[in-house]
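Mind docking chains D and E on chain W? Use the hints.
Protein chains in written order, with the numbering used here: chain W, 1 to 447; chain D, 1 to 320; chain E, 1 to 293.
The hints are simulated quantities; they were obtained by calculation from the structure and are not laboratory data.
The beta-carbon is built from N, C-alpha and C at its ideal position, and this holds for glycine as well.
Check each hint, because a few of them may be wrong.
Claimed, not checked - For the chain E half of the interface with chain D, some residues (derived, Cβ under 8 Å), not all of them:
| hint | residue |
| --- | --- |
| 1 | Arg116 |
| 2 | Thr117 |
| 3 | Val119 |
| 4 | Asp121 |
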Amino acid sequence: MRKITFGIGGVHPDDAKISRGCAIEILPLPETVYVSMAQHLGAPANPVVAVGDSVKVGQVIAEPAGFISAFVHSPVSGTVKSIAPRKDMMGNNVMHVEIAVEGDEWAEGIDLSSTLVKEIPSDRAAILDRIKACGIVGLGGATFPTHVKLNPGPDAHPECLIVNGAECEPYLTSDFRIMVERPAEIVVGAAIMKKVLGDCRCVIGIEENKPEAISSISKAVAELGYEGIEVVKLKKKYPQGGEKQLIDAVMKRQVASGGLPISVGAVVQNVATALAVYEAVQKNKPLISNVLTVTGDCLPADRQHNYLYRIGIPLSYIAQYAGGVPKDAAKLVSGGPMMGRSIVNLDATTVKGSSSILYLSQKATKRHAPESCIRCGRCADACPMGLEPFHLYRLAKAGDMEQLEANSVQDCISCGCCQYSCPGFLPLLDNINIAKGKVLGIIKARK
Amino acid sequence: MDKYLVSQNPHVHANVSSCSLMGDVVVALLPAIVVSVLFYGWAELLVLAVAALGCILIEWAITRFLMKKPGPYCGSAALVTGLLLAMNLPPTTPWWVVLVGSLVAIGVAKMSFGGLGQNIFNPAITGRVFLLISFPTYMTDWTITPGFIHTDAVSGATLLGVFNEGGVAALPENLDFGRMLFLNMGGSAGELSAIALLLGFVYLCVRKVIKPWITLSIFATIALVSGIFWMVDSTTFTGPLFNLLTGGVILGACFMATDYVTSPMSAWGGVIFGFGIGFIVMMIRYFGSYPEGMSFAILIMNIFVPLIDRAFHQKKFGRA
Amino acid sequence: MTHTIVWTILILAGLGLLLSLALFWIARKFKVEEDPRIDEIEKVMPGANCGGCGFAGCRAFADAAVKAPNLDNNYCPVGGNDVMKKVAAILGYEVKEKAPMVAVVRCNGTCEARPRTSVYDGDSSCRIKASLYSGDTACPFGCLGCGDCAAACQFGALTMDPATGLPVVDQEKCTACGACVKACPKGVMELRAKGPRNMRVYVSCINKDKGAVARKACLSACIGCGKCQKVCAQDAITVENNLAYIDFSKCKLCKKCVAECPTGAIHAVNFPVLPPKKTADAPAAEKKEDNNA
Chain W
1 MRKITFGIGG VHPDDAKISR GCAIEILPLP ETVYVSMAQH LGAPANPVVA
51 VGDSVKVGQV IAEPAGFISA FVHSPVSGTV KSIAPRKDMM GNNVMHVEIA
101 VEGDEWAEGI DLSSTLVKEI PSDRAAILDR IKACGIVGLG GATFPTHVKL
151 NPGPDAHPEC LIVNGAECEP YLTSDFRIMV ERPAEIVVGA AIMKKVLGDC
201 RCVIGIEENK PEAISSISKA VAELGYEGIE VVKLKKKYPQ GGEKQLIDAV
251 MKRQVASGGL PISVGAVVQN VATALAVYEA VQKNKPLISN VLTVTGDCLP
301 ADRQHNYLYR IGIPLSYIAQ YAGGVPKDAA KLVSGGPMMG RSIVNLDATT
351 VKGSSSILYL SQKATKRHAP ESCIRCGRCA DACPMGLEPF HLYRLAKAGD
401 MEQLEANSVQ DCISCGCCQY SCPGFLPLLD NINIAKGKVL GIIKARK
Chain D
1 MDKYLVSQNP HVHANVSSCS LMGDVVVALL PAIVVSVLFY GWAELLVLAV
51 AALGCILIEW AITRFLMKKP GPYCGSAALV TGLLLAMNLP PTTPWWVVLV
101 GSLVAIGVAK MSFGGLGQNI FNPAITGRVF LLISFPTYMT DWTITPGFIH
151 TDAVSGATLL GVFNEGGVAA LPENLDFGRM LFLNMGGSAG ELSAIALLLG
201 FVYLCVRKVI KPWITLSIFA TIALVSGIFW MVDSTTFTGP LFNLLTGGVI
251 LGACFMATDY VTSPMSAWGG VIFGFGIGFI VMMIRYFGSY PEGMSFAILI
301 MNIFVPLIDR AFHQKKFGRA
Chain E
1 MTHTIVWTIL ILAGLGLLLS LALFWIARKF KVEEDPRIDE IEKVMPGANC
51 GGCGFAGCRA FADAAVKAPN LDNNYCPVGG NDVMKKVAAI LGYEVKEKAP
101 MVAVVRCNGT CEARPRTSVY DGDSSCRIKA SLYSGDTACP FGCLGCGDCA
151 AACQFGALTM DPATGLPVVD QEKCTACGAC VKACPKGVME LRAKGPRNMR
201 VYVSCINKDK GAVARKACLS ACIGCGKCQK VCAQDAITVE NNLAYIDFSK
251 CKLCKKCVAE CPTGAIHAVN FPVLPPKKTA DAPAAEKKED NNA
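Just chain W, with the same shape it has in the complex (with noise of 0.2 Å):
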């Protein structure tokens, strides 16, 4: 098979796969849970629920708030206990619905069994519905409303849709597990969001370096027979699962700067996203669980773990069941060590999108003392995107927002590569990210 990337940068840090032996395993539900209302990209879901009700497994708990908002659906049965502010991962104050834990009683109409449904429904309003009332959300990390990604408007016309299951991030195996453990059901559900797009030629990308699933994902396409869905190998290159790096991969166009993917006629799906849509789809169950990886460094091989927890658990109560927080973790990461980010706080619980906790050593992510700029370029190689950061850092100290904009710091998709590849320690990404968000928001005043 032949291997496709990127055209532009990229770095290639040690993948560090540690946990991709270990199973999928099933975490038990903790006596409470908490769920936050904001578990998608837009606004928080208000609350539909009163407290003392009692609610059933897949029940809907709050509402969309907006046209980018998503449902959200208990995870467990039982009763309300509070509907209050909570802190979130990053201690910020987030609206959360306290859940007692009372049995495993699911909502009526919620398929459990485990039969493969190959039939798509053939009526495309009512499978992005199914979508949209299951709260799916993209599972990638951006946590984008999957039912808006999946209907860009009467102009657009996609051409492709890609399957990200590159997971280029060192550490991660949830993607990997699930495209071994349920190869089917996501093709299946990169087949059903295939036909949602107007039936349009539909790529699976995966790296390299995970062979396992390319064979178990490239069968279960072969057998399942749907057509135009095709796997591809991608090369193992950090960014290699970024929106804009795999669609230069996999169809070589270029999303131009403020552009939209589908504006190339792409339409990017993570392969978490497609099990979710294939389980709203056909089997009516909402996004209340998801694959979350226990792992770093500094945890030993055989306490490594691949969960399939619910929404609204708290991440303390997955270190504990995991047998603690190892002693010389000096940092705690939710998501990849590349664009994760740091929990603060150990109460805050799993959302939709969780991917890891992940414990990195002292010695692993400490950060060394900044230098000086030794001009050697090694940031202008490494970045994606063809940005200089060592140029677009000088002006995002000196606060010169004209010449940012000029620079394009505005087209930084923070993959972390530049800070990542400076031999000088500068904290180039921290200061350009403050810079982007300057400067988005002059562009949008401007408009």
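Below, chains D and E without anything else, positioned relative to chain W:
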């Protein structure tokens, strides 16, 4: 809850530091250093040691006492400067002249601009040029000092010096370029063995410490310019092979012009930079009063680096 | 030899004369007519070009002042009433005197009072830290301690105290230009009236969490108990969102609230030192010294 670290992504680093990059350069210089020490003996070793230690100590002292920067100090960048300076000097250079060169290289060319990453001119070359102008007799004394391996070399004058004095006619007939590739008779440590220097250059490229564009552009330009002149009049002008293998071309092109701080960052910028160096070198060699012009060429092109960097940028993603 | 010198002098002198004539002519020809009062005002301005008035610099302020129908919207906080009187005299306008202001730090969560819950490992900048998370203490409102305010201050009036982790205002140097207020991503800095003989009373906290939560995060947080509001005879104190605020235009500096505050969140500064009466007053007296330092 224990206190954990919190920061913006990325949470990991490639663990390549300025210090380790410069360490790689030192490793790349080793083959040439070994050859020169074998060939020139204790005298060469003394020059190398004085320059290396001098540069490190001067930089350390300035960093600690004048700039008052606390924290660990990494001397590998100063070590590279010191070694490069030493490799540009004749083995007979007195130790105090080497020390003056180190002081100019580190103190004037590097630290007075603000230290690592801030200097405009290549420190080692600045030091060397300062010595060349201040102590011309020491700097052109090519007496061959006794080495550790036996050689039959007697002549002290460099081929470029001979050409500068007497033109092509004065040069020995039937120059053995194959032998020159391995061991050049006469010249400083950095002019001695082309193959040892090229070995280091390949190492740097393989380790991705530097990109080859600047070096290749210099070689190509020198070959092109001297080729044209040579074809026009081979009795007045020396040929491409002669010009590539003599003098400081290989040392300069592989190790000095590729210095991060004083070279352009983009590939095309590097090509232009290399072209400028190659062209100026050939003009000085053919028409200048000095026999060799590599140092001057690099210094002159150093001035244009900010301009070149302004003109050449990376291709941006998604922008026409 | 002598010829060369003579010629050189002659040529250079001639060139100089010619070019100065050309310059003179150009200056005449392309002169921009400007209100001369702009220059006059600029001369009496402090010349800090700090932007505290809302304009790009002192000249921009002068330009705006000349064009404005009155001086209600143009006030130089750095120069204060003295400068504004001169400006008004030049323009023939009335000037409304404003009480001199000073920056105050509305957070007293020192390292002891507000234990750290995480270790920030990013670039030392409050703005970056604030964009990332709520801060390295349990209080999501308070000072982040990276010194963006001190970096923004052109007058050297703000320094970070390494012992407390908080900024300290030098009231002699502070010109109330407001740069720190703009620089602080948390809104910790506030411009308040300097007060008679520099005496002022203010709530040094902006924590809006419920009392118990605030207290847990920081020992010296305002817990919104309302005791100060009850004791205030001037009706100067309002408690909103679990946070007390003292309106400096109403406060009569009686300091009753200071004594009443259970957490010591209300600071009184620059009051003459009285012999300590009871132990309850002691924390307030200590606080005062902190701020004078």
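Checked hints:
1. Arg116: For Arg116(E), the interface hint holds, since the closest Cβ of chain D sits about 6 Å away, which is under 8 Å.
2. Thr117: holds, 7 Å
3. Val119: Val119(E) check passes; min Cβ-Cβ to chain D is 5 Å, inside 8 Å.
4. Asp121: For Asp121(E), the interface hint holds, since the closest Cβ of chain D sits about 4 Å away, which is under 8 Å.
Comparing the model with each earlier hint shows no violations; every hint is respected.
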